[in-house]
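S.K.: Those protein sequence lines, which keep their order, are chains A and B.
Per the numbering used here, residue 1 is the first one in the first sequence, and the count goes up by one each step.
Per the numbering used here, residue 114 is the first one in the second sequence, and the count goes up by one each step.
A portion of the hints provided could be inaccurate.
[Unchecked claim] Computed spacing ranges between beta-carbons, pair by pair:
{"hint": "1", "chain 1": "A", "residue 1": "R112", "chain 2": "B", "residue 2": "T133", "range": "36 to 46 Å"}
{"hint": "2", "chain 1": "B", "residue 1": "K184", "chain 2": "A", "residue 2": "T18", "range": "43 to 53 Å"}
{"hint": "3", "chain 1": "A", "residue 1": "E15", "chain 2": "B", "residue 2": "K170", "range": "24 to 34 Å"}
{"hint": "4", "chain 1": "A", "residue 1": "S99", "chain 2": "B", "residue 2": "S140", "range": "34 to 44 Å"}
{"hint": "5", "chain 1": "B", "residue 1": "T231", "chain 2": "A", "residue 2": "F64", "range": "31 to 41 Å"}
{"hint": "6", "chain 1": "B", "residue 1": "K170", "chain 2": "A", "residue 2": "K55", "range": "24 to 34 Å"}
{"hint": "7", "chain 1": "B", "residue 1": "T151", "chain 2": "A", "residue 2": "R112", "range": "20 to 30 Å"}
{"hint": "8", "chain 1": "A", "residue 1": "P41", "chain 2": "B", "residue 2": "Q130", "range": "39 to 49 Å"}
{"hint": "9", "chain 1": "A", "residue 1": "S110", "chain 2": "B", "residue 2": "T151", "range": "20 to 30 Å"}
{"hint": "10", "chain 1": "A", "residue 1": "Q69", "chain 2": "B", "residue 2": "N131", "range": "44 to 54 Å"}
{"hint": "11", "chain 1": "A", "residue 1": "E17", "chain 2": "B", "residue 2": "A166", "range": "25 to 35 Å"}
{"hint": "12", "chain 1": "A", "residue 1": "Q57", "chain 2": "B", "residue 2": "E141", "range": "43 to 53 Å"}
[As the list claims (entries may be wrong)] Incomplete in silico selection of chain A near chain B, CB under 8 Å:
{"hint": "13", "residue": "M45"}
{"hint": "14", "residue": "F64"}
{"hint": "15", "residue": "L101"}
{"hint": "16", "residue": "F103"}
{"hint": "17", "residue": "G104"}
{"hint": "18", "residue": "K105"}
Worth flagging that the hints you see were computed from the coordinates, not collected in a lab.
Glycine is no exception: its CB is placed at the ideal position from the N, C-alpha and C atoms.
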Amino acid sequence: AQTVTQSQPEMSVQEAETVTLSCTYDTSESDYYLFWYKQPPSRQMILVIRQEAYKQQNATENRFSVNFQKAAKSFSLKISDSQLGDAAMYFCAYRSGNSKLTFGKGITLSVRP
Amino acid sequence: DTGVSQDPRHKITKRGQNVTFRCDPISEHNRLYWYRQTLGQGPEFLTYFQNEAQLEKSRLLSDRFSAERPKGSFSTLEIQRTEQGDSAMYLCASSLGTGALFPSPNYGYTFGSGTRLTVV
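Turn these sequences into a full structure, and let the hints guide you.
M.R.: In structure tokens, the structure reads:
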């Protein structure tokens, strides 16, 4: 069974600085997708960034980028120029083919003004 | 299209009562998923449908839980004889899935805002 581990329960970053959120996963499959989702308090979960396992290039979406290390099964999220609106819970998730998402426990990110 | 809609947003019920939640997915999405999220945890998969067919059920989905998607559009999740341990946020999501290993460009899901259930 696939597992996703987010070992840091909380992190804090100063506004305008950079923060990295860690995620590791375990799978025996070679083709899969990895995601970071953001869940603001009392609001719906939204997709931040995705990575296809067959792609060597790390995904980037504006201020958000990932460091995907397939051999190490590591998938970290870097948020540059942090903004107050980035404060939320962030979930790392795994998906193979068309099947379900497997989520980590999440990390609460706070942004200090 | 306004995204994935879930109703109600909040439900408080007494232990032992039955509750039913509704999810309306994005109209062109053929796949619909139910997840349960307890406080401070990530969502856990419950079940999913492709059109009207229920393709997978988690072991979390006990006999007291039943989900339907009768016409391949909206879905309902019913919990019978609710227990305090059922208190959670129930999330619905939809996606456009195909039979291919690498699905449509919509790799991610669109989530609804969830139904928060409190069993007292």
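S.K.: So, for every hint listed, does it hold in this structure?
M.R.: Hints, one by one, checked against the model:
1. A:R112 x B:T133: 36 to 46 Å: Holds, since A:R112 and B:T133 (Cβ atoms, about 43 Å apart) stay within the stated range.
2. B:K184 x A:T18: 43 to 53 Å: Cβ of B:K184 to Cβ of A:T18: about 48 Å, so the range 43 to 53 Å holds.
3. A:E15 x B:K170: 24 to 34 Å: The hint (24 to 34 Å, Cβ to Cβ) is violated, given that A:E15 and B:K170 are roughly 44 Å apart.
4. A:S99 x B:S140: 34 to 44 Å: violated, 23 Å
5. B:T231 x A:F64: 31 to 41 Å: Holds - the Cβ-Cβ distance for B:T231 and A:F64, about 34 Å, lies within 31 to 41 Å.
6. B:K170 x A:K55: 24 to 34 Å: holds, 32 Å
7. B:T151 x A:R112: 20 to 30 Å: holds, 28 Å
8. A:P41 x B:Q130: 39 to 49 Å: 28 Å Cβ-Cβ, so the 39 to 49 Å window is violated.
9. A:S110 x B:T151: 20 to 30 Å: holds, 21 Å
10. A:Q69 x B:N131: 44 to 54 Å: holds, 47 Å
11. A:E17 x B:A166: 25 to 35 Å: Violated, at about 48 Å.
12. A:Q57 x B:E141: 43 to 53 Å: Since the Cβ atoms of A:Q57 and B:E141 sit about 30 Å apart, the hinted range of 43 to 53 Å is violated.
13. M45: Where the cut-off is 8 Å and the nearest Cβ of chain B is about 4 Å from A:M45, the hint holds.
14. F64: Since chain B brings no Cβ nearer than about 14 Å to A:F64, farther than 8 Å, the hint is violated.
15. L101: Constraint on A:L101 satisfied, holds at 7 Å.
16. F103: Holds - the Cβ of A:F103 comes within 8 Å of chain B, reaching about 3 Å at its closest.
17. G104: holds, 5 Å
18. K105: Holds: closest Cβ of chain B sits about 5 Å from A:K105, inside 8 Å.
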